[in-house]
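Note that our numbering has the sequence shown beginning at 1, numbered continuously upward.
Hints may be right or wrong, so weigh each one.
[Stated by the list, open to error] With a Cα cut of at most 20 Å, we get these calculated SDA-like pairs of lysine to any residue:
| hint | residue 1 | residue 2 |
| --- | --- | --- |
| 1 | Lys57 | Asn45 |
| 2 | Lys32 | Ala64 |
| 3 | Lys66 | Asn45 |
| 4 | Lys57 | Lys32 |
| 5 | Lys15 | Leu29 |
| 6 | Lys57 | Leu29 |
| 7 | Lys57 | Ala68 |
| 8 | Lys32 | Lys66 |
| 9 | Lys54 | Thr41 |
| 10 | Lys54 | Glu39 |
| 11 | Lys15 | Met1 |
| 12 | Lys15 | Val30 |
| 13 | Lys66 | Glu34 |
| 14 | Lys54 | Ala64 |
| 15 | Lys57 | Ser67 |
| 16 | Lys66 | Gln49 |
| 17 | Lys32 | Val61 |
| 18 | Lys66 | Glu43 |
| 19 | Lys32 | Glu43 |
| 20 | Lys66 | Arg46 |
| 21 | Lys54 | Ala38 |
| 22 | Lys54 | Ile37 |
| 23 | Lys32 | Met1 |
| 24 | Lys32 | Lys54 |
| 25 | Lys54 | Leu40 |
| 26 | Lys32 | Gly22 |
| 27 | Lys32 | Ala68 |
| 28 | Lys32 | Ile12 |
| 29 | Lys32 | Gln49 |
| 30 | Lys57 | Glu43 |
| 31 | Lys32 | Ala8 |
| 32 | Lys15 | Ala25 |
| 33 | Lys66 | His50 |
| 34 | Lys54 | Glu43 |
| 35 | Lys66 | Tyr36 |
| 36 | Lys32 | Ala48 |
| 37 | Lys14 | Ala31 |
| 38 | Lys66 | Ile56 |
| 39 | Lys66 | Leu40 |
Honestly, the hints are just simulated from the structure, not real lab data.
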Amino acid sequence: MADLPIAAVVRIAKKNGAERVGSDAAAALVAKAEAYIAELTREANRLAQHAGRKTIKAEDVELAVKSA
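Between the sequences and the hints, there should be enough to build the whole structure, so can you do that?
Here it is as structure tokens:
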């Protein structure tokens with residue numbers, strides 16, 4: 001089961017120009033978004049640990065985005 005709500009992902013797609021989003025496309029968007037967030041979190045966590053912290057900060061996320 002997906003952690004991200006499908007309705008929220010569909011809403012984001014519509015705000016970015018999609019007139020309609022099929023249920024299969026919505027499920028695919030959710031899966032890809034969750035995979036991206038998971039990878040980004042792993043990298044940000046690695047950076048936080050390298051800095052001697054347990055807490056991920058915005059700077060860790062920004063650096064993780066740049067390294068992706």
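Evaluated hints:
Taken as a hint, the Lys57 and Asn45 pair is honoured in the structure, with Cα atoms around 9 Å apart against an allowance of 20 Å. For the hint linking Lys32 to Ala64, the alpha-carbon distance of about 17 Å falls within 20 Å, and the restraint holds. Only pairs whose Cα atoms come within 20 Å are accepted, and Lys66 paired with Asn45 is accepted, the gap being roughly 14 Å. Restraint check: the Cα-Cα separation between Lys57 and Lys32 comes to about 23 Å, which exceeds 20 Å; the hinted pair is violated.
Taking the CA atoms of Lys15 and Leu29, the gap is about 14 Å. The hint holds against a cut of 20 Å. Our distance criterion of 20 Å between C-alpha atoms is broken by Lys57 and Leu29, whose separation comes to about 26 Å. At most 20 Å may separate the alpha-carbon atoms for a hinted pair to count; Lys57 and Ala68 meet this at roughly 17 Å. Taken as a hint, the Lys32 and Lys66 pair is honoured in the structure, with Cα atoms around 18 Å apart against an allowance of 20 Å.
At most 20 Å may separate the alpha-carbon atoms for a hinted pair to count; Lys54 and Thr41 meet this at roughly 12 Å. As the CA atoms of Lys54 and Glu39 are separated by approximately 17 Å, the hinted pair is consistent with the 20 Å bound. A hinted pair counts as satisfied when its Cα atoms are at most 20 Å apart, and Lys15 with Met1 does not qualify at roughly 25 Å. At roughly 16 Å between alpha-carbon atoms, Lys15 and Val30 fall within 20 Å of each other, so this suggested pair holds.
Restraint check for Lys66 and Glu34: satisfied, since their Cα atoms lie roughly 18 Å apart, inside the 20 Å limit. For the proposed pair Lys54 and Ala64, the alpha carbon gap of about 16 Å is at most 20 Å, so the pair holds. With a CA separation close to 16 Å, the supplied pair Lys57 and Ser67 stays within the 20 Å bound. Between Lys66 and Gln49 the CA atoms are separated by roughly 18 Å; this keeps the pair inside 20 Å, and the hint holds.
Restraint check for Lys32 and Val61: satisfied, since their Cα atoms lie roughly 18 Å apart, inside the 20 Å limit. Our distance criterion of 20 Å between C-alpha atoms is met by Lys66 and Glu43, whose separation comes to about 10 Å. Our distance criterion of 20 Å between C-alpha atoms is met by Lys32 and Glu43, whose separation comes to about 17 Å. With a CA separation close to 14 Å, the supplied pair Lys66 and Arg46 stays within the 20 Å bound.
A hinted pair counts as satisfied when its Cα atoms are at most 20 Å apart, and Lys54 with Ala38 qualifies at roughly 17 Å. Annotation: proposed proximity of Lys54 to Ile37 holds, straight-line Cα distance about 18 Å (limit 20 Å). As the CA atoms of Lys32 and Met1 are separated by approximately 14 Å, the hinted pair is consistent with the 20 Å bound. Pair hint Lys32 plus Lys54 does not hold up; C-alpha atoms about 26 Å apart against a cutoff of 20 Å.
Restraint check for Lys54 and Leu40: satisfied, since their Cα atoms lie roughly 16 Å apart, inside the 20 Å limit. Annotation: proposed proximity of Lys32 to Gly22 holds, straight-line Cα distance about 15 Å (limit 20 Å). For the given pair, Lys32 sits about 15 Å from Ala68 by alpha-carbon distance, which is consistent with the 20 Å threshold. Proximity of Lys32 to Ile12 is assessed by CA-CA distance (about 14 Å); at most 20 Å being required, the pair is judged to hold.
For the suggested pair Lys32 and Gln49, the alpha carbons sit about 26 Å apart, so the restraint of at most 20 Å is broken. For the hint pairing Lys57 with Glu43, the CA-to-CA distance comes to about 12 Å; that is within 20 Å, so the pair holds. Distance hint between Lys32 and Ala8 is fulfilled; the C-alpha atoms sit about 14 Å from each other, no more than 20 Å. Using a Cα cut-off of 20 Å, the hinted pair Lys15 and Ala25 holds, with the two alpha carbons roughly 15 Å apart.
Our distance criterion of 20 Å between C-alpha atoms is met by Lys66 and His50, whose separation comes to about 17 Å. In summary, the hint linking Lys54 to Glu43 is supported, as the alpha carbons are separated by about 13 Å, within the 20 Å threshold. Pair hint Lys66 plus Tyr36 holds up; C-alpha atoms about 13 Å apart against a cutoff of 20 Å. Among the hinted pairs, Lys32 with Ala48 is inconsistent with the structure: their alpha-carbon atoms are about 24 Å apart, more than 20 Å.
Of the supplied pair hints, the one linking Lys14 and Ala31 holds, its CA atoms being roughly 17 Å apart against a limit of 20 Å. For the hint pairing Lys66 with Ile56, the CA-to-CA distance comes to about 16 Å; that is within 20 Å, so the pair holds. Taking the CA atoms of Lys66 and Leu40, the gap is near 10 Å; set against the 20 Å cutoff, the hint holds.
Violated hints for the displayed structure, listed by number in ascending order: 4, 6, 11, 24, 29 and 36.
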